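Colleague: All chains should be modelled from the sequences, with the hints used to inform the complete structure.
Number of protein chains: 2
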Amino acid sequence: MRTVIECVPNISEGRDPARVREIADAVRAAPGVRLLDVSSDPAHNRSVLTFVGDAAAVRAGVSALFDAAIPRIDLTRHSGEHPRMGAVDVVPLIPIRGATVADCVALSRELGAAIAARHAIPVFLYEDSAASEARRNLAEIRKGEFEGFGEKMKDPLWAPDFGPAGPHPTAGAVAVGARAPLIAYNINLGTKDLRVADAIAKAIRHIGGGFRFVKAMGVDLADRGQVQVSINMTNFRKTPLHRVFECVKSEAARYGVPIVGSEIVGLAPADALLMAAGHYLRLENLSSEQILELRLLEEEETAP
Amino acid sequence: MRTVIECVPNISEGRDPARVREIADAVRAAPGVRLLDVSSDPAHNRSVLTFVGDAAAVRAGVSALFDAAIPRIDLTRHSGEHPRMGAVDVVPLIPIRGATVADCVALSRELGAAIAARHAIPVFLYEDSAASEARRNLAEIRKGEFEGFGEKMKDPLWAPDFGPAGPHPTAGAVAVGARAPLIAYNINLGTKDLRVADAIAKAIRHIGGGFRFVKAMGVDLADRGQVQVSINMTNFRKTPLHRVFECVKSEAARYGVPIVGSEIVGLAPADALLMAAGHYLRLENLSSEQILELRLLEEEETAP
Numbered sequence: 019m020r021t022v023i024e025c026v027p028n029i030s031e032g033r034d035p036a037r038v039r040e041i042a043d044a045v046r047a048a049p050g051v052r053l054l055d056v057s058s059d060p061a062h063n064r065s066v067l068t069f070v071g072d073a074a075a076v077r078a079g080v081s082a083l084f085d086a087a088i089p090r091i092d093l094t095r096h097s098g099e100h101p102r103m104g105a106v107d108v109v110p111l112i113p114i115r116g117a118t119v120a121d122c123v124a125l126s127r128e129l130g131a132a133i134a135a136r137h138a139i140p141v142f143l144y145e146d147s148a149a150s151e152a153r154r155n156l157a158e159i160r161k162g163e164f165e166g167f168g169e170k171m172k173d174p175l176w177a178p179d180f181g182p183a184g185p186h187p188t189a190g191a192v193a194v195g196a197r198a199p200l201i202a203y204n205i206n207l208g209t210k211d212l213r214v215a216d217a218i219a220k221a222i223r224h225i226g227g228g229f230r231f232v233k234a235m236g237v238d239l240a241d242r243g244q245v246q247v248s249i250n251m252t253n254f255r256k257t258p259l260h261r262v263f264e265c266v267k268s269e270a271a272r273y274g275v276p277i278v279g280s281e282i283v284g285l286a287p288a289d290a291l292l293m294a295a296g297h298y299l300r301l302e303n304l305s306s307e308q309i310l311e312l313r314l315l316e317e318e319e320t321a322p
Numbered sequence: 019m020r021t022v023i024e025c026v027p028n029i030s031e032g033r034d035p036a037r038v039r040e041i042a043d044a045v046r047a048a049p050g051v052r053l054l055d056v057s058s059d060p061a062h063n064r065s066v067l068t069f070v071g072d073a074a075a076v077r078a079g080v081s082a083l084f085d086a087a088i089p090r091i092d093l094t095r096h097s098g099e100h101p102r103m104g105a106v107d108v109v110p111l112i113p114i115r116g117a118t119v120a121d122c123v124a125l126s127r128e129l130g131a132a133i134a135a136r137h138a139i140p141v142f143l144y145e146d147s148a149a150s151e152a153r154r155n156l157a158e159i160r161k162g163e164f165e166g167f168g169e170k171m172k173d174p175l176w177a178p179d180f181g182p183a184g185p186h187p188t189a190g191a192v193a194v195g196a197r198a199p200l201i202a203y204n205i206n207l208g209t210k211d212l213r214v215a216d217a218i219a220k221a222i223r224h225i226g227g228g229f230r231f232v233k234a235m236g237v238d239l240a241d242r243g244q245v246q247v248s249i250n251m252t253n254f255r256k257t258p259l260h261r262v263f264e265c266v267k268s269e270a271a272r273y274g275v276p277i278v279g280s281e282i283v284g285l286a287p288a289d290a291l292l293m294a295a296g297h298y299l300r301l302e303n304l305s306s307e308q309i310l311e312l313r314l315l316e317e318e319e320t321a322p
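If you read the protein sequences in the order shown, they are chains D and E.
Quick note on the numbering used here: the first sequence kicks off at 19 and runs consecutively.
Quick note on the numbering used here: the second sequence kicks off at 19 and runs consecutively.
It is worth saying that the hints were derived from the structure and are not from the lab.
Computed from a predicted structure; not experimentally measured.
Among the hints, a few may not be true.
A pair holds if it fits inside one copy or across any two, identical chains being indistinguishable in the list.
To be verified - Distance condition first, Cα-Cα at most 20 Å in a straight line; then the derived SDA-like pairs of lysine to any residue:
1) Lys267 x His297
2) Lys220 x His260
3) Lys233 x Ala75
4) Lys210 x Glu302
Modeller: So this is what it looks like as structure tokens:
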């Protein structure tokens, strides 16, 4: 089976398209890398690159990313709405096919050591790569941001996992870590009453007693005359889309409200949808091997 | 978007594994071809090859197939349970991604002309490539089989679309044509009463007044103590899996019988399952572009 790991680095440049393009081109040129998307947000002054490849390609892509980004982004001159601690702020590694979370954790350690050695930037392992629970949450690590990071790192509790004891003068610090694929999944309700969406979001999200891998909030879709339960599915294998959909349907029915539709925002792994098809069609043995296009991806490696 | 056409030629050799392997190896070696499966049936004395590629790859694969099969298969010495008229009996062309039925019809004409010119084999266009309704059905074309084909072709009604007015002395004749992907889809019922499966098969199949692109029959699964509605979905885009599943569920409920499960036999295009997920999750705008692995297939062509 061919290995597909997704890497979604966030860089602290979202206003200068030429500079973003130079950095993206460097990543695209790395051997084995497929750059799927580049999104810049000028208000956040931040860009998100999405690329995929096997472990070797991700190593090459991340290396090219730092080589291109560090000389081009100076955090002493950076401002934007989104909190950030690094020129390359965060490097998430996501197993898609033929790789496990453990594989991505191992890769994150390898990358962390390499980045620290080459660029003298402190590296913090987060999410599934975190050495302790306190290091799991990216928002906790990032607290203090670039401007406060020198002070923050004086506390031995915030010694980095790799690299120097203080931030890089222009590139700050970076978080690297493995996490499950995140799916942005929204369910639209046939009512204008935001309280219904809020109540359902509360019911299904982990923090309120709901599903373990669900974050959710109610959103007003005024232009559609509807409200939305806006959901982040943080582990679709353990909390699948169809289970959340059916739960929202049941909760909405309690208010006499129908589900009008749903949407996936951005990319999702094929398995997330195949699991839903398997559930509703009661498929007894559906395997990725049976999906023609996925077979095509797998065969590539073994083809002569 | 990268083009993926599936080609599923049937050859009249299923007993000599060495000979089948030589023919399969020739196809595998054709540039751009991905050979996904080779299945031989000794009783039928017939093998089915499944390969995919873009139009150029399919051209190369079919050319390699004939070059390898014609000298190796002599129908004057062939016997088997499955009706056949040619050494290469039939060459179906199936659009999977980035190609239409019309593209495959054009390709079938091109292949037909090339085969006739190179091997002096009469070629009959069938299914969506057929010049007339009478030529659509493969079983009609094949009637008379190899042994009766000289006689059959004396009738001007059975003049070939390409090639000589009589069959090739050892390789007979071949049918080439475009068709929609076929999905073998079975639904298992929680009863031992075969009459229920038979009645439901009758209700859903085209010939009995059911869905246009459904062939179905009841099958006894004695070892499971269940019966099965065994279905051939001949065009899943126009008659989708979920619609048939829901119809079977409703018909079964009329007998107080539950659906225990279902299964897809062999390969299916991703869209067949994505359509089911989209239906049940009420997805408003699901596109293949959003499926990470399918994006990967598409990007290949444009990547530097």
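Colleague: What are the numbers of the hints the structure violates, in ascending order?
Modeller: Hint 3 contradicted; others consistent.
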